[in-house]
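Participant: Sequence:
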Amino acid sequence: MAMAMSSDVFISFILLIVTLSWLCTFVNGGSNSTTIYDELRAKGLPVGLLPKGITRYEINSSSGEFQVWMKEPCNAKFENEVHYDPNIKGTLGYGQIGELSGMTAQELFLWFPVKGIHVDLPSSGLIHFDVGVADKQFSLSLFEDPPDCNPQVGVEPMPHSWADIHFTP
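In mature numbering (1 follows the signal peptide of the UniProt record, and there is no 0), the protein residues as written are -29 to -1, 1 to 140.
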């Protein structure tokens, strides 16, 4: 009788270990297998909004707040130059990113902070960058793939407020 009881305890213990191991693998595998590009796509946004070289990201699935990290600041070229800080934050919603920081776009000789991004629903084939004073429209096709991002060695940091915007000499 004692042997049968210890056998049941042993089997229960093994089942518990296997179940916990499976749960840990499932939870960790889910967070590691999804990329920020997958998150963008799931929200109806093109993956090319963020450059190659993202080393880490976090997202709050209930609020949509996200943060991405790269090794260094860099620039990518679309129709205009876009600068990415090594840390980018925002709030992800369906078809839009709000409260964006860490991204600036060049227009002529000025750099403007990109405060938000949205696509038209239903799609018009355009994507809109809110740069505060204007709404810049670009073709969605420019953002189909994450762009290469070139490190900017020896370049002054991009402005983050109107007080920091200067004309390029």
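Just so you know, these hints were derived from the structure itself, not from any lab.
Incorrect hints may appear among the rest.
Stated by the list, open to error - Heads up, simulated SDA-like pairs for lysine to any residue below, C-alpha to C-alpha not over 25 Å straight-line:
| id | residue 1 | residue 2 |
| --- | --- | --- |
| 1 | 107 | 35 |
| 2 | 23 | 99 |
| 3 | 42 | 86 |
| 4 | 86 | 110 |
| 5 | 60 | 99 |
| 6 | 86 | 101 |
| 7 | 42 | 27 |
| 8 | 48 | 15 |
| 9 | 107 | 4 |
| 10 | 23 | 58 |
| 11 | 42 | 87 |
| 12 | 42 | 25 |
| 13 | 42 | 108 |
| 14 | 107 | 57 |
| 15 | 107 | 87 |
| 16 | 42 | 10 |
| 17 | 86 | 4 |
| 18 | 107 | 27 |
| 19 | 23 | 104 |
| 20 | 60 | 17 |
| 21 | 86 | 49 |
| 22 | 42 | 4 |
| 23 | 42 | 110 |
| 24 | 42 | 92 |
| 25 | 48 | 80 |
| 26 | 48 | 33 |
| 27 | 14 | 56 |
| 28 | 60 | 47 |
| 29 | 14 | 48 |
| 30 | 86 | 108 |
| 31 | 48 | 4 |
| 32 | 23 | 101 |
| 33 | 86 | 102 |
| 34 | 23 | 77 |
| 35 | 48 | 12 |
| 36 | 14 | 80 |
| 37 | 14 | 49 |
| 38 | 23 | 35 |
| 39 | 60 | 49 |
Participant: Hint by hint, say whether it matches the structure.
Facilitator: Now the hints, each set against the structure:
no., hint, result
1, 107 - 35, "24 Å, holds"
2, 23 - 99, "21 Å, holds"
3, 42 - 86, "22 Å, holds"
4, 86 - 110, "19 Å, holds"
5, 60 - 99, "18 Å, holds"
6, 86 - 101, "6 Å, holds"
7, 42 - 27, "10 Å, holds"
8, 48 - 15, "22 Å, holds"
9, 107 - 4, "33 Å, violated"
10, 23 - 58, "14 Å, holds"
11, 42 - 87, "23 Å, holds"
12, 42 - 25, "8 Å, holds"
13, 42 - 108, "29 Å, violated"
14, 107 - 57, "23 Å, holds"
15, 107 - 87, "11 Å, holds"
16, 42 - 10, "21 Å, holds"
17, 86 - 4, "29 Å, violated"
18, 107 - 27, "28 Å, violated"
19, 23 - 104, "28 Å, violated"
20, 60 - 17, "17 Å, holds"
21, 86 - 49, "18 Å, holds"
22, 42 - 4, "21 Å, holds"
23, 42 - 110, "28 Å, violated"
24, 42 - 92, "34 Å, violated"
25, 48 - 80, "15 Å, holds"
26, 48 - 33, "33 Å, violated"
27, 14 - 56, "23 Å, holds"
28, 60 - 47, "18 Å, holds"
29, 14 - 48, "24 Å, holds"
30, 86 - 108, "14 Å, holds"
31, 48 - 4, "28 Å, violated"
32, 23 - 101, "22 Å, holds"
33, 86 - 102, "6 Å, holds"
34, 23 - 77, "20 Å, holds"
35, 48 - 12, "21 Å, holds"
36, 14 - 80, "33 Å, violated"
37, 14 - 49, "22 Å, holds"
38, 23 - 35, "21 Å, holds"
39, 60 - 49, "21 Å, holds"
In summary, the structure is inconsistent with hints 9, 13, 17, 18, 19, 23, 24, 26, 31, 36 from the numbered list given earlier, while agreeing with the others.
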